[in-house]
Amino acid sequence: MLAKVYSYGLIGLNGFLVTVEASIMNGIGNYQTVGLPDTAVKESKERIHAAIRQSGMSYPVANIIVNLAPADLRKEGSIYDLPIALAILQASGQIRPIPENTIALGELALDGTIRPVNGVLPMMIDAFANGYKEFFIPWENAAEASYIDGATVYAVHSLNELLRHLNASEPLAPIPIRSFSGELVSSSFDFSEIKGQEAAKRAAEVAVAGGHNMLLCGTPGSGKTMLARAIPSILPEMTFSEALEVTKIHSITGRMKGSDGLMVERPFRAPHHGASASALIGGGTKALPGEISLAHNGVLFLDEFPEFQRQVLESLRQPLEDGEVTVSRASANATYPARFILIAAMNPCPCGNRGSKTKKCTCTPSQIRRYASRVSGPLLDRIDLHIEMTEVGYHEITERRPAESSALIRERVKAARLIQAKRFQNDGIRTNAQMNSRLVQTYCTPTGTAETMLQAAFTRLHLSARAYQRVLKVARTIADLDGESEILPKHYAEAIQYRSTELLKV
Amino acid sequence: MTQEQRLWLWLNYATEHNPKLFYTILQRFDSIEEVFDAVLHRSFDDFGNLDARVKERMLTASADRFLDRYIGWIEKNGIGITTPESEDYPTLLNEIVDPPSVLFYRGTMRADLPLPIAVVGSRSMTDYGKEIARLFGSQIAEHNGTVVTGLAAGIDSEAAKGALSCLFSDHPVIGVIPCGIDLVYPSGNERLYEEVAERGCLMTEMLPKTSPQKFVFPMRNRILSGLSRGVLVVEAGERSGTSLTVDHAHDQGRDVFAIPGRLTDLMSVGTNRLIARGEAKPVTNIQDILSEYEDFLQVDDGALNPNAKRVQFSSLSRIGQEIYMALLQGEKNADDLLDWIDATPAELNAALTELQFSEVIRQLPGRMYTIDALRTTVTFDEQQS
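Line by line, the protein sequences are chains B and H. Heads up, the first sequence is in this note's numbering, so the first residue is 1 and it goes up one at a time. Heads up, the second sequence is in this note's numbering, so the first residue is 1001 and it goes up one at a time.
Hints are not guaranteed to be accurate.
What the hints assert, rightly or not - Quick list of in silico lysine-lysine cross-link-like pairs, BS3-like style, CA-CA up to 30 Å:
#, chain 1, residue 1, chain 2, residue 2
1, B, Lys359, H, Lys1214
2, H, Lys1130, H, Lys1309
3, H, Lys1161, B, Lys360
4, H, Lys1130, B, Lys360
5, H, Lys1281, H, Lys1076
6, H, Lys1076, H, Lys1130
These aren't lab readings, by the way, just hints derived from the structure by calculation.
Between the sequences and the hints, there should be enough to build the whole structure, so can you do that?
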């Protein structure tokens, strides 16, 4: 007898349909899996055997051939346990054929329990778009699957439960579809807790409002890390499509197991400076996403920026420009989105005291040069805002005017983002930072006094053409925060201020 | 190269450019040829108490093959040499007790320079020292003088850069370096070295291919002051190598000038002390130096930088005026300024850019701001002042 059950596979973020075929022929119990299965798939034989017996069904004593089509794509992991088991049961005539538009995913335990798997959401989104409306998925993956409007999703605890559903003795109810609320979990730091640093806080507001990258430079203890960690508290809520994108990426790496469905909070990733290029960019034999993709739609915070390996930092250049990254490995090849706000923090010199009023810098000029040169010019060019932190003295810590709360700042950020969304509705982008040079020309053309000022800035600050464009983009964001449709000279002037740091000059 | 220069080069090599030893040996004979002949004939009786190592070097270097290769290498690399006997040897340097027996140089060597002034100071400079070194470097060059510098990091290099910024001067700077003429110290100064060699002169008494060692710096400093008519100390800390240059200058009868600094500034302790003890003349503008040399006396208008722009206080924006008034009371960082003036961070940033571009203020590391008095003089209207 022959049987067919549908399942799904993933290349990067894109899914492909896997047809699981089982054929049972007379024989002495040979079992073979064909169709480029990896070891985990081949081992499924033993799990399936035990699980079928434990679920009160009989395991056919015959030659069994399992084929996973298309035969030229590699099938990985344990997600095919459930569809293979169903195909075998169907081929041996123990259950009725499963409807054509149904997808089954899940790993089996020896006792028949269905265990959670990775990548359920991206697979389901793709399958649903291709006309598959019914899904059998592990119970623990139910949360992430509950946002697909129109799909009938059965979250199953065990093979036995599924079999009772299939023979209609105890039908399951599909899981309720939830609607996206976008409510935010409060972040641990609030901007009102940061003493002083008004100028740097303003820069952070600009960076978040326009999706700009930011470099924080300052003496140790000036609050670089604290400011960066407070940034999630002013990030605007994600839209449903943004949340889906983020959840898909996190789903592949298995971070969604047992969590409450969609990622609602924008990701904040802070890898240590020992990170390798493949940890940051993505890699491994399966070409999994790296930190920059996990930070998609959120913040990538790189503390001690120059301490990262040079080659690791340079590999950031292309994704910073393109907003996506293609990870190529011998056995796999995948493209992941990587549109994040880069927040980098660095000391002004190896000892950290350069530019300090109270402490003496003990570094030699060549040490400082070497330290600063670890961050290359092309990389700095791609960072829109260069912010020097001021040194916080005693009176700043003790008495200060009351600082603004994150909630207040976030309202302004949201308003500015709304203006941007309206402006770019036909351009396929969301923020000012994503503008290409053609859009920059359309939306930010300096005139009159602004033009002379920018000319002066261009020569005085030795801006490259790319850096110049970034100044224009930042000016656009500042004008948006101001609610101005026109970019005024004062907006350009403020934008230039965020580009002129003495500490980076050696 | 004359035969005489060839022999000077030989003895200079053999004595490892030790001037004392060089002249002691030379005095025992009538001429350098006789020294050479004595070595060729291996009659070392007239040399007195001679170190075995020097004897060895004399013999090795006396071979024609060796000297030809040495001189060939020097000429191939475009290196010039001059000896106290040569016409282009600096006259002032020839007056000191132990002038270098051979100077290796790149660029143009001139015997007489109109007004050579050594600008010296510490390696770790403050922003004030950097500004002043650049200003006086350029002003010395503008008044047809030549800046003499060691091209070390800090004040030395800044003074050289200032001098090079004067485009009409045809010999703005001399660099006296502490290493072989074919090397660069500190590394990273390559471009500055090239510019100095191109527009002025780069010179050293060190043998080619020797890298600098601690003890050569005091020896180098005697050349700095020896080449100059005056020595200007821009910044010097409590214990600074600069004091050795000052001692040399006093010994050689050169004038010493010092830039006064704030009493609390660590990098001005040395200069203020020189002034307090009467060892240096305090300098408040370039005329204080020029007036010591009659041929260069010019009309004194008392300004630190006569080329400074003038800006009306009333032409500044409201926030610009407030920032200027706040900075009059000392450097402030961006957060301090927010406490002083009535403005949002956005307004402050915009105003700061405008003031920086009109050169009324300047940004320092650590987001500090200071009044750019060297470039711009802000004048008040009569009604307002």
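How the hints compare with the structure:
1. B:Lys359 with H:Lys1214: At roughly 27 Å apart (the allowed maximum being 30 Å), Lys1214 (chain H) and Lys359 (chain B) satisfy the hint.
2. H:Lys1130 with H:Lys1309: Cα-Cα ~20 Å, so holds.
3. H:Lys1161 with B:Lys360: holds, 25 Å
4. H:Lys1130 with B:Lys360: holds, 17 Å
5. H:Lys1281 with H:Lys1076: violated, 45 Å
6. H:Lys1076 with H:Lys1130: At roughly 37 Å apart (the allowed maximum being 30 Å), Lys1130 (chain H) and Lys1076 (chain H) break the hint.
Violated hints for the displayed structure, listed by number in ascending order: 5 and 6.
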